[in-house]
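Trainee: Below, each chain spelled out in residue letters.
There are 4 protein chains.
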Amino acid sequence: MKISRNAMLFTILVQLLLATFAAGQIRREVNFPDILGYKTLKCDFHMHTVFSDGTVWPTVRVDEAWREGLDVISITDHIEYQPHKQDVPTNFNRSYEIARPGAREKNILLIKGAEITRETPPGHFNVLYLEDIDPLDTEDLIDAAKAADAQKAFIFWNHPGWKPEHKGWFDIHTQLYENKLMHGIEVANGGSYYREAHQWALEKNLTMMGNSDIHQPALERQTTTENHRTMTLVFARERTAEAVKEALTEGRTAVWFQNQLIGRSRYLEAIFRESIEIGKPHHRARSAIWVTIRNHSAVDVEMDRTGSQGPAKLALPANATTLLKCGTEEGAEQLKLSYVVRNFLIAPDKGLPVDLTIDLR
Amino acid sequence: MKISRNAMLFTILVQLLLATFAAGQIRREVNFPDILGYKTLKCDFHMHTVFSDGTVWPTVRVDEAWREGLDVISITDHIEYQPHKQDVPTNFNRSYEIARPGAREKNILLIKGAEITRETPPGHFNVLYLEDIDPLDTEDLIDAAKAADAQKAFIFWNHPGWKPEHKGWFDIHTQLYENKLMHGIEVANGGSYYREAHQWALEKNLTMMGNSDIHQPALERQTTTENHRTMTLVFARERTAEAVKEALTEGRTAVWFQNQLIGRSRYLEAIFRESIEIGKPHHRARSAIWVTIRNHSAVDVEMDRTGSQGPAKLALPANATTLLKCGTEEGAEQLKLSYVVRNFLIAPDKGLPVDLTIDLR
Amino acid sequence: MKISRNAMLFTILVQLLLATFAAGQIRREVNFPDILGYKTLKCDFHMHTVFSDGTVWPTVRVDEAWREGLDVISITDHIEYQPHKQDVPTNFNRSYEIARPGAREKNILLIKGAEITRETPPGHFNVLYLEDIDPLDTEDLIDAAKAADAQKAFIFWNHPGWKPEHKGWFDIHTQLYENKLMHGIEVANGGSYYREAHQWALEKNLTMMGNSDIHQPALERQTTTENHRTMTLVFARERTAEAVKEALTEGRTAVWFQNQLIGRSRYLEAIFRESIEIGKPHHRARSAIWVTIRNHSAVDVEMDRTGSQGPAKLALPANATTLLKCGTEEGAEQLKLSYVVRNFLIAPDKGLPVDLTIDLR
Amino acid sequence: MKISRNAMLFTILVQLLLATFAAGQIRREVNFPDILGYKTLKCDFHMHTVFSDGTVWPTVRVDEAWREGLDVISITDHIEYQPHKQDVPTNFNRSYEIARPGAREKNILLIKGAEITRETPPGHFNVLYLEDIDPLDTEDLIDAAKAADAQKAFIFWNHPGWKPEHKGWFDIHTQLYENKLMHGIEVANGGSYYREAHQWALEKNLTMMGNSDIHQPALERQTTTENHRTMTLVFARERTAEAVKEALTEGRTAVWFQNQLIGRSRYLEAIFRESIEIGKPHHRARSAIWVTIRNHSAVDVEMDRTGSQGPAKLALPANATTLLKCGTEEGAEQLKLSYVVRNFLIAPDKGLPVDLTIDLR
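Just so you know, the sequences run in chain order U, A, E and F. Per the numbering used here, the first sequence runs over residues 1 to 361. Per the numbering used here, the second sequence runs over residues 1 to 361. Per the numbering used here, the third sequence runs over residues 1 to 361. Per the numbering used here, the fourth sequence runs over residues 1 to 361.
In short, the hints are calculated from the structure, not lab data. All C-beta atoms, glycine included, are put in the ideal place defined by N, C-alpha and C. Any given hint might turn out to be false.
Unchecked claim - Covered stretches of chain U (chain A as the covering partner; in silico rule of three or more C-beta atoms under 8 angstroms from a C-beta of chain A):
1. 27 to 34
2. 105 to 118
3. 287 to 301
4. 315 to 323
Extracted from the complex, chain U is given alone in its bound form (with noise of 0.2 angstroms):
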């Protein structure tokens, strides 16, 4: 009995349409709200598949991407770095085409683009908004710049503080930002923050970022508040991806890394202000109120006091409600509590400040 091969082909691709469909079906929604009348979107813009050194097909990438929430992602396998060449030749355009059709089928925005990758110093580079790679596998790094620049990409330095024996800013980066082929930097990377690259961005009007650099398979509880993806919000005029590259253009980010936002204190400030609902008072007796404080947003809200009243820490977990005490006086009419938002970051080692206003009438 000969059995053809050919004639199997169908039916191992419908199991594996069925099995892949089950296993990608879920999707947590990650909740930031949207702000100044701006869409929140949810990014990583920086992983890596077989293509480079990462240990995934880039379908996975997207099965990821839908079950963690995300909303955009960009594949930046490494133009320079090949070390699975042998097995899978290179073909820098390939992972991108290959997580298309899944892309769309999730509704993931999938942004084309690559990582340059030299000896630190310079570093790594990511470029999103590519239409083709090739292009830019020059040897010298300011080629690669401009054939980027050519397809009007926006770049960004990776982790910056990668390699803490040669971290700084070098001639080459003011080179770069002075010829506008540097417009982000990554302020945080997997599980690293640098706080030089966070002050670099303020002072030069870079664009914060924050991406997971994964190569793994993502693992699930690096789905939970305590230990989630490090990502870059985006806030975009809409859900597209032109949208996110005018946002990214004009620096409208923020950068959520271990449970800390991180970004302009504009952005911060709408975030809190959106997230955190306050009840009116529920209950008085003698000189206290009781009010329920409500927190939307996935972050769990840690604060400071800096004036007078309310309790010396306050803290509001992710998705959940908090019952506040507090004093008040006879008469008032509101009651204002002035705190600092010891995780959300406008700089190094500054937290967000904020009033909770409570009608007290």
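Mind docking chains A, E and F on chain U? Use the hints.
Mentor: For chains A, E and F alone, coordinates are given in the frame of chain U:
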């Protein structure tokens, strides 16, 4: 060195207050949509404390209610069954009095109630909205019900299938029912569902109740989707004890039991409609469309296809987004998928029929 | 400034090594007792990588095996089904070669294998203990099996109930079986159990296999008691590839599938006996005794009473201690409770009968 | 129809028994090795019920102890602080009496105890192994301690750093200590560690105690490695109340507090040695070896390198296996890695020094 005992009291009180506060701070809201112009309140009208055969101080029931996202509770200690009375002398009104201050602070509506406790048949009956429980301590059951009625109480039959060998609707139940001394009936209690009670509630227009009947401390694992507290959803004009009473009297309830919703179809249909958000198709290829369905409720919705289109089974997990791929015809303006929601019970063994309408234009 | 690409390679390699190391460090052991003088090895003989239709690099399968407490794996990429071959040119022996160094480092026994893939019937067959996979790439199935046999391979039939419309034992299976070209059969594969295969294994003395057939990255939630990887327990003289082969050849296996153990009664009985530790009664009152039962295994043991004493149902959760109260007679020296272990299947629908003996002296 | 109240009691009792049984069945053992010929018992000697300022019935403390893997508990209600006495009339011996039957059934050793409660200073003192608590109800603290001593009780100072403004070792403590009326001291209580108490315990040879001081119901999340109950490990000749008393008197204890072990070095060293199992190297390549290290205990062991070999930091998670890669020299017969266990405290801020010896032959 002699040290006064009295001086230390304030210190201990302060410590206790802090500890209690710390433990009770976080509340996880249970997501059910408001429907039909009513607020959907999460209620548990059946629970015990050390004042009958429970094992917790009344304040614990308030702390648990806060933590688990309940809006309304009634502590319903047995009147006639007082196994702790050697150590906790009988005092019917005390569990309410002790729980009240904390309930006010935590914004839990606390309904004064009690459980009239007789051998089965006739069984046990909960009485809500009492002013004084003492008059219900009578030998004759009907006298107790009349004493409750004199206080305009709401009376319901508890766990009507509790003792399989004696279960059934007896003359005494008819007597109570016809004299308007029985207004509701538990169709679920703790881990049990009572099929006959469900049927009787529909036939006799009794308000459907579902409660925990908790005696021990609540375990945290009972707050997951899979293993939540059995509770009554009450559709009330506003979040007040009076509005809850009106809703109970008018039968505006549903029961949440082991990831099933049990209730009249008009309420379950409204909950479904307000919980399930169907996106616009975000992708089309060949003759298929892809669309997301978000379930904003706390119930894992499980559906079986009754029409000709869509997957045979469709699961919409709680607080998550599901991806649906569906075949469609050229030029169709709308896709209507007919399903029955297996775990929304509008009668015993009868799920709620629903249509999922997808706009293709 | 020009920077050489080559200089950076060492740096990247060091970082990768650190990251891989960090991610792969922790292993949770799966608790099954050694029995009958054999070591109980946890094995998965069916899985895929990018070298056929899987979505991970071969090293990922080793990392997962380490993390999930497996002792032995075989990567069994399809020979005839190579959907990625445009990007990953066919090379049958490569997934083994790539996985081998990590397997050695992590002390995972890696068996070279492959999946012979034909339309159903006859279906798919896994081949283990190959030296070279290339000779199996033949048009005729029997030729492939003979090529495997020439390498003294172990051959088993995969997911025999996969396609319901075509399932069954056909002439081709008789031909393979009678020519000693089929030594085992999957009674479970991923989320499926095959009742007929279970029966055939018993009747024809085929080795019972249970494997994951995983194509995607392993999810962490699949490592819980409720939702573990489907695997084969092999009872081997020692922890070596050769001893595993001997055990497979002699049929010394059991299958762990969805919290059920499937296997011959002598093995299941031994696992039960070595897993369940019954204490001495620690308390007596009136005519009852209290005793603890500890389950050292990873299976939640579920038992139904077949005798006259003990609770009707007895659950012994995995890695936990259960309290048993039991009536007893005056002066008895021993209490023997007869049960059937519902989830230890010695044949389709047939649980393992056991006695729990409690020493009362 | 009149129905007797009395007839229903048996029914309710049966139901309660079943429910209690169901809830209390599963016990998760806490893994600590027996050491130095002693049994390692998990103990909590400080907890409250409704008979002082706790919020649970005494039986709950036994159920929690069973569930959480404790061997020994003492309910230590305040003698002088009786905030519930209006509802629960003072009766010092009742919490023990009520808890005793369940403790026998669940094989929990229940020690009769109480808390002598004074303003700080001198503070609170727990007294264990009482026969009658009534004689301790005296105005003068020394009189109470003497009444305890007359019953050969074991007395220890509770939470000595509780009130920061009044903390310290005062004359009254010297008086108790010199008269042998204070035998132990809590170095940890609930969420607090007392550095000075740790130092005093070492200097004055006081038995180190660590307890929960729990007032509310125990939450399940407090049974994880990260967030376990604060407890005292007692190294006793056997699992009896008498042997525990002997061990307490001789200072054979250690404290488990927030994933730290606190105790004398001879005990911590023995726990480390019996918990950590180092394999033989399973792989060598170039000048490196790979070896597994299994941690059989419930503590995540965290180590810092003090020698020249091995990784700078080495984490050995609880109940897990860790992979260690280590450089080695040609021809060496043994590899000795010197570390300090950061979370095994043999004095304030002083970790336990250990050597990991790897046999290379």
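Trainee: Of the hints stated earlier, which fail here?
Mentor: Failing hints: none at all.
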